[in-house]
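K.L.:
This is what each chain is made of:
2 protein chains.
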Amino acid sequence: MKAVRLFEQSWEKTLTTMERIEKMRVSEDALDLLFRKARTHRAWLPKPVPDELLRQLYDTLKWGPTSANISPARFVFIRSTAAKERLRPSLAPGNVEKTMAAPVTVIIAYDLKFYDKLPRLFPHNPAMRDLFVNNPQLIQETALRNSALQGAYMILAARALGLDCGPMSGFDNAKLDEEFFAAGKYEDSEEEFFPGGHVKSNFLCNIGYGDPATLMPRGPRLDFSEACTLL
Amino acid sequence: MKAVRLFEQSWEKTLTTMERIEKMRVSEDALDLLFRKARTHRAWLPKPVPDELLRQLYDTLKWGPTSANISPARFVFIRSTAAKERLRPSLAPGNVEKTMAAPVTVIIAYDLKFYDKLPRLFPHNPAMRDLFVNNPQLIQETALRNSALQGAYMILAARALGLDCGPMSGFDNAKLDEEFFAAGKYEDSEEEFFPGGHVKSNFLCNIGYGDPATLMPRGPRLDFSEACTLL
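Order-wise, the sequence lines are chains A and B.
At position 212 of the first sequence (counting the first as 1) the number is 212 in the numbering used here, and the numbers step up by one without a gap.
At position 203 of the second sequence (counting the first as 1) the number is 434 in the numbering used here, and the numbers step up by one without a gap.
These aren't lab readings, by the way, just hints derived from the structure by calculation.
Everything numeric in this text was worked out from a predicted model, so none of it was measured.
Take the hints with a grain of salt, since some may be wrong.
Said to hold, decoys possible - Listed next, the in silico EDC-like pairs over lysine to aspartate or glutamate satisfying Cα-Cα at most 16 Å (straight line):
hint: 1; chain 1: A; residue 1: K175; chain 2: A; residue 2: E85
hint: 2; chain 1: A; residue 1: K113; chain 2: B; residue 2: D442
hint: 3; chain 1: B; residue 1: K268; chain 2: A; residue 2: D59
hint: 4; chain 1: B; residue 1: K344; chain 2: A; residue 2: E85
hint: 5; chain 1: A; residue 1: K117; chain 2: B; residue 2: E457
hint: 6; chain 1: B; residue 1: K329; chain 2: B; residue 2: D442
hint: 7; chain 1: B; residue 1: K348; chain 2: A; residue 2: D223
hint: 8; chain 1: B; residue 1: K315; chain 2: B; residue 2: D442
As the list claims (entries may be wrong) - Computed Cβ-Cβ distance ranges for the label pairs, DEER-style:
hint: 9; chain 1: A; residue 1: G162; chain 2: B; residue 2: L362; range: 31 to 37 Å
hint: 10; chain 1: B; residue 1: Q371; chain 2: A; residue 2: D223; range: 23 to 29 Å
hint: 11; chain 1: B; residue 1: A323; chain 2: A; residue 2: P119; range: 20 to 26 Å
As the list claims (entries may be wrong) - If you want the footprint, here are the derived chain A segments under chain B, 3+ residues with CB under 8 Å:
hint: 12; region: 34 to 47
hint: 13; region: 58 to 71
hint: 14; region: 108 to 122
hint: 15; region: 126 to 139
hint: 16; region: 147 to 156
Glycine included, every Cβ here is placed at the ideal spot set by N, Cα and C.
Work out the full structure: start from the sequences and follow the hints.
P.N.:
The following block contains the structure:
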């Protein structure tokens, strides 16, 4: 008798867990906003993006997973005309106009010395820092991959917060790094927030409220059978 | 009189647009599910992931933006024990147990010949294919970055659909590519879905319904002032 009740309780608990699992999806509207109806924008409505929203954007995207929690991405939010002008010479011609017009342009960069923060970010395995510190190829590959992941988290977090994005890789990384990250300068350079030439650009992303009237027809995507296989 | 009415209509239209903009955010629950309360999982509830849900996962993530819509990511969804055993020798020791136990392990890979699909994916600029075709360094860099973006879209799409993820880069890419993508074999190899040695692994991700009872305390993240600067 007691065993039966325990079984019933356990079964009820399982049912509750399963129901909870089933319900934990975002709404169809949210799927549209994040993925299915979201578009890359090139023209912007005259609506500013407050700094407070950029802080909220970072405080959302930062929770996305990275390898051993290394969190290598660094974000430069360019809002002022003066800083936009510093960016201009690095941009591919086709990216100049839309970038100059965007309320914010983000440089998604990565810190090659991300491992110095690992004792705090990954405290339960102090050996993780040593895995990276003398392996420049692993550092580069890991920083590139994980800062790209974080850049994608930023794009989707921006959409989740009602913003539109225009990501771009058409620019001169070396020239941009020289201008913003003191590439090649001495370790004790006071240039910007990220001194010492160990921060490198990954890609750029314009942020604002896109003007839907200017959108072109959407590009197609690959079918499941072209991009995926089930084994 | 007519001018005033036109102005009013236009102003009403602007107000409607602005209201629409303000409302277009996902719910607080969705932000929690996608970012703020989501966790990387290592242990899995005994609940299968149907193939239909994997198709829905791809049909969601595929809308995420890539450079010139190149869509270089290829996804191998490993569900069977036999295919898991082919994966086992490539895994870092710490990743074996959780991967063998996961309902699905995804190989997020990239196709170095992504440019062959550009005439269809980016029809309004046929010159884009030529930009890549004889530039192996640009191909490699672009495929890596954009397949990482697509891998991040997959992680967040999975969470949006109620699934949990456990992404990993602790494995031997060359060994895995040899096993699954016929690395180094001839162009006419019939190995799997992606023949010819031009598909390479980027990272792995376990997918299923995570067991919250097994989670450790969450790792901290960098503060805004450590990771971001406003210019």
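K.L.:
Run the structure past the numbered hints and jot down the numbers of the failing ones, going up.
P.N.:
As far as the earlier hints go, 2, 4, 8 and 15 are violated by this structure, in ascending order.
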